[in-house]
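Participant: From just these sequences and the hints, can you work out the full model?
Going by my numbering, the residue at position 154 of the sequence shown is 154; the numbering climbs one at a time, nothing skipped.
Calculated from the structure, these hints are not laboratory results. A few of these clues could be false.
[To be verified] Dumping the calculated DSS-like pairs for lysine-lysine here, alpha-carbon to alpha-carbon at most 27 angstroms:
| no. | residue 1 | residue 2 |
| --- | --- | --- |
| 1 | Lys55 | Lys81 |
| 2 | Lys73 | Lys108 |
| 3 | Lys73 | Lys30 |
| 4 | Lys55 | Lys177 |
| 5 | Lys177 | Lys81 |
| 6 | Lys81 | Lys30 |
[Claimed, not checked] Restraint-style ranges between C-beta atoms, simulated for each label pair:
| no. | residue 1 | residue 2 | range |
| --- | --- | --- | --- |
| 7 | Pro168 | Ser27 | 43 to 49 angstroms |
| 8 | Ala58 | Leu32 | 26 to 32 angstroms |
| 9 | Arg141 | Arg69 | 17 to 23 angstroms |
| 10 | Asp138 | Ser27 | 19 to 25 angstroms |
| 11 | Glu79 | Gly145 | 22 to 28 angstroms |
All residues carry an ideal CB built from backbone N, CA and C; glycine is no exception.
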Amino acid sequence: GQVPSLAKLNMSVIELNSKGQSDESISQTKSLLNTAINDLRDISKTLNTDYVKEKDLAESIERDLGMLRRTRKFGAVLEVKGTPFAIGPERRLILYRMVQESLNNIVKHANATQISVVLDYAADALTIVITDNGSGFDITRTPKGVGLMNINHRSAMINSTVAVNSIPAQGTSVSIKVARQEETHKNQ
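Facilitator: Here it is, written out as structure tokens:
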């Protein structure tokens with residue numbers, strides 16, 4: 001974060017000392033640096049466990065989808081259905097990391113242009129469905145990668161279920177279902 005900040009400061013000094021054709025280029029560079037600085041701040045927040053534990057699940061996911069939209073490579077939407085209920089900070093963090101892993105898999109492997117995340121709150125459970133329109137894969141032939149293994153491992157930690165559906169050339173859908181529990185933690 002410090003390097004882009006210094007570069008932005010340097011660009012401001014150059015802008016003061018020179019006028020003419022470079023003005024537009026300098027202005028665009030400053031704008032890009034602003035975007036980079038904000039993205040770095042957002043990324044650092046998503047890595048900060050305490051910060052994520054304090055935030056609402058939908059808010060945390062929306063921040064990640066916003067970063068994906070800013071790349072201009074993805075359309076990314078979040079939909080919340082039903083009435084959200086409290087999920088303890090530890091479980092919420094694990095669910096968030098599972099969604100992050102799914103999004104990371106899409107970015108790295110799917111060649112997708114559209115991403116959808118649905119949080120569907122029912123009376124007894126939360127179902128999270130992450131869908132992309134990417135290249136998909138044959139589940140019976142593709143070995144499970146580290147990302148899917150991480151998702152399954154985290155799922156077992158909170159007693160949730162995970163289902164992965166994918167069709168080559170049609171995209172992939174990851175569904176995570178976690179039962180509602182009475183939480184006894186503060187700041188839910």
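Participant: The structure should be examined with respect to each hint, and the outcome stated for every one.
Facilitator: Hint-by-hint comparison with the structure:
For the proposed pair Lys55 and Lys81, the alpha carbon gap of about 18 angstroms is at most 27 angstroms, so the pair holds. Of the supplied pair hints, the one linking Lys73 and Lys108 holds, its CA atoms being roughly 12 angstroms apart against a limit of 27 angstroms. Among the hinted pairs, Lys73 with Lys30 is consistent with the structure: their alpha-carbon atoms are about 21 angstroms apart, no more than 27 angstroms. This hinted pair checks out: Lys55 and Lys177 have alpha carbons roughly 20 angstroms apart, not beyond 27 angstroms.
Of the supplied pair hints, the one linking Lys177 and Lys81 holds, its CA atoms being roughly 14 angstroms apart against a limit of 27 angstroms. A C-alpha spacing of about 39 angstroms is found between Lys81 and Lys30, which places the hinted pair above 27 angstroms, so the restraint is violated. Between Pro168 and Ser27 the beta carbons are some 45 angstroms apart, a value that agrees with the proposed interval 43 to 49 angstroms. Taken as a hint, the range 26 to 32 angstroms holds for the pair Ala58 and Leu32, whose Cβ atoms sit roughly 29 angstroms apart.
For the pair Arg141 and Arg69, the beta carbons lie near 32 angstroms from each other, so the given range of 17 to 23 angstroms is not met. The hint said 19 to 25 angstroms for the Cβ distance between Asp138 and Ser27, and at roughly 48 angstroms that hint is violated. Judged by the Cβ atoms, the range 22 to 28 angstroms given for Glu79 and Gly145 holds: they are separated by roughly 27 angstroms.
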